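> If you want the building blocks of each chain, they are given just below.
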Amino acid sequence: MTSDSHLEKILEQGDFAVTSECGPPRGVDPESIRKKGELLKESVDAVNVTDNQTSVVRMSSLSSGVILKQAGIEPVLQMVTRDRNRIAIQSDILGAAALGFNNILCLSGDHQKFGDHATAKNVYDLDSIHLIQTVKQMRDEGKFLGGDELKGVPRLFIGAAANPFADPFDFRVLRLAKKVAAGVQFIQTQCIFNMERFSTWMQQVRDRGLHEKVHILGGVTPMKSVGMANYMKKMVPGMDVPDELIARIKGVDKEKRAEEGIKIAVETIQQLKEIEGVHGVHIMAIEWEEMVPVITEQAGLLPRPEVN
Amino acid sequence: MIVGNQKSLAEIKEIVAPYKNLLILGCGTCVKTCFAGGEDEVATLSSALRLGFKKDGKEILIQELTIERQCEDEFIQEAAENINSNDAVLSLACGAGVQAIAKRFKSVPVMPGLNTTFIGILEKQGLFTEECVGCGDCRLAQFGSVCPIARCSKKLLNGPCGGSKNGSCEVDAETDCAWQLIIDRLKALGQLNNLKAYVQPKDWRSSNAGGPRKLVREDHII
Numbered sequence: 021m022t023s024d025s026h027l028e029k030i031l032e033q034g035d036f037a038v039t040s041e042c043g044p045p046r047g048v049d050p051e052s053i054r055k056k057g058e059l060l061k062e063s064v065d066a067v068n069v070t071d072n073q074t075s076v077v078r079m080s081s082l083s084s085g086v087i088l089k090q091a092g093i094e095p096v097l098q099m100v101t102r103d104r105n106r107i108a109i110q111s112d113i114l115g116a117a118a119l120g121f122n123n124i125l126c127l128s129g130d131h132q133k134f135g136d137h138a139t140a141k142n143v144y145d146l147d148s149i150h151l152i153q154t155v156k157q158m159r160d161e162g163k164f165l166g167g168d169e170l171k172g173v174p175r176l177f178i179g180a181a182a183n184p185f186a187d188p189f190d191f192r193v194l195r196l197a198k199k200v201a202a203g204v205q206f207i208q209t210q211c212i213f214n215m216e217r218f219s220t221w222m223q224q225v226r227d228r229g230l231h232e233k234v235h236i237l238g239g240v241t242p243m244k245s246v247g248m249a250n251y252m253k254k255m256v257p258g259m260d261v262p263d264e265l266i267a268r269i270k271g272v273d274k275e276k277r278a279e280e281g282i283k284i285a286v287e288t289i290q291q292l293k294e295i296e297g298v299h300g301v302h303i304m305a306i307e308w309e310e311m312v313p314v315i316t317e318q319a320g321l322l323p324r325p326e327v328n
Numbered sequence: 006m007i008v009g010n011q012k013s014l015a016e017i018k019e020i021v022a023p024y025k026n027l028l029i030l031g032c033g034t035c036v037k038t039c040f041a042g043g044e045d046e047v048a049t050l051s052s053a054l055r056l057g058f059k060k061d062g063k064e065i066l067i068q069e070l071t072i073e074r075q076c077e078d079e080f081i082q083e084a085a086e087n088i089n090s091n092d093a094v095l096s097l098a099c100g101a102g103v104q105a106i107a108k109r110f111k112s113v114p115v116m117p118g119l120n121t122t123f124i125g126i127l128e129k130q131g132l133f134t135e136e137c138v139g140c141g142d143c144r145l146a147q148f149g150s151v152c153p154i155a156r157c158s159k160k161l162l163n164g165p166c167g168g169s170k171n172g173s174c175e176v177d178a179e180t181d182c183a184w185q186l187i188i189d190r191l192k193a194l195g196q197l198n199n200l201k202a203y204v205q206p207k208d209w210r211s212s213n214a215g216g217p218r219k220l221v222r223e224d225h226i227i
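Chains as they are written, first to last, in our numbering: chain A, 21 to 328; chain B, 6 to 227.
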């Protein structure tokens, strides 16, 4: 074990892992985080706390994660390289470890153009692969990027994202290989709506033997409505929402469309369970956390396993 | 070249409003090539200002002059008499030119008529593109001569982010994904293996992040 992470233990003992996520509030109320956490608590192994996702200012992922921890939930600290240079990043990694975080997800982050502060200057001193390497070096070599030694190392389980639906497609698996070489231990993928393309990517992952070096958690997002599906198709960077999926939701009565969205998410999970090398799912129920217990129940993922 | 874009007439009018005798000083190199601050632009802007101020009932005497380069003493001295005989200078050079003039003429206000935008090229008629940020440590050989620092919206060094789609950047469909260009070119050159290796975080000391830079050429010091 490289950490005290509950998620790492679940994956290492060979169980199919379930993670979800919680977007911090746009204000100071800790109650909203606790509420989301409570909704997810019994259905998942760990909960990601997002870091100013889509470049919209929110409570920091570090503080929101502490609130989740106080409620007995294991957070995965998302950290983007958009807003901090290597000094601030390493400082926050130390702080996270001191506060008892066990998991970190290394991301580059959405460009500020998509957020509420388009006039901001981004940082990008490091990219997501540098961040993976930074955490690994701090943990395993006990050294800062600058070379000095740490007094006490952060024992963090290292995660990152992968988007099998972005271009250039052939390079996607090479990029995953670079992340693995840098030290990533688990991957949460972009939302999977195009199973065919995901399966092709997984084949490439297996061809390179990467599925034996990293735990892949497939991203699942339930669609609430046709409007949401269209929005994700057109407005969210890096999404691949096939027309057939939108047609399927459109094909049922309006009041039954959310139910259909849940059904599709459950079917996706069942398909993912059958793919060699997929070791879990990451359910992103955007502002619809109350459906995570329903989805996990229907997909046969409950109760969550104990760890030794 | 250094690419610049002329400020709006309204902004220029506001900047030069306090002065009665104004020299509009053009620069005959980069900004001439990008149609922002050469002789022709000096003439057009001068006419527009004269007309604009006349309409406002304000008197202003505008002198026009364009020198080869506002960043070199040899040429700057050609403008000395004109600069000293006016209340102020509106320079149509890049930011370096404006400051070079200001440093050498301490009692004359020197103001910018352009917004200096980037180091770039004329990609096609009417389109200039940024190609270089002058980071002081060129790695183009590694990236198939496409700069990820200047041309990737996130300055990523280890491959494309998850927002690359059909060759476009997630930030703007009109912007090419630099990483798609890097991969395509390295593939064509048979050098795709270049991208397998982990690229270390950049040492920014050679860039502007390390503070204002100086280049000392011992071999040129007399």
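None of these hints come from the bench; they were simulated from the model.
Some hints here could point you the wrong way.
[Stated by the list, open to error] Simulated restraints, written as ranges between beta carbons of each label pair:
id: 1; chain 1: B; residue 1: E16; chain 2: A; residue 2: S80; range: 53 to 59 angstroms
id: 2; chain 1: B; residue 1: K59; chain 2: A; residue 2: Y251; range: 24 to 30 angstroms
id: 3; chain 1: B; residue 1: R190; chain 2: A; residue 2: A140; range: 48 to 54 angstroms
[What the hints assert, rightly or not] Derived DSS-like pairs (lysine-lysine); straight-line CA-CA distance at most 27 angstroms:
id: 4; chain 1: A; residue 1: K244; chain 2: B; residue 2: K201
id: 5; chain 1: A; residue 1: K253; chain 2: B; residue 2: K201
id: 6; chain 1: A; residue 1: K133; chain 2: B; residue 2: K219
id: 7; chain 1: B; residue 1: K201; chain 2: A; residue 2: K233
[Claimed, not checked] If you want the footprint, here are the derived chain A segments under chain B, 3+ residues with CB under 8 angstroms:
id: 8; segment: 54-64
id: 9; segment: 187-193
id: 10; segment: 262-270
These figures come from a predicted structure and were not determined experimentally.
Glycine is no exception: its CB is placed at the ideal position from the N, C-alpha and C atoms.
> What hint numbers does the structure not satisfy?
1, 2, 3, 4, 5, 6, 8 and 10
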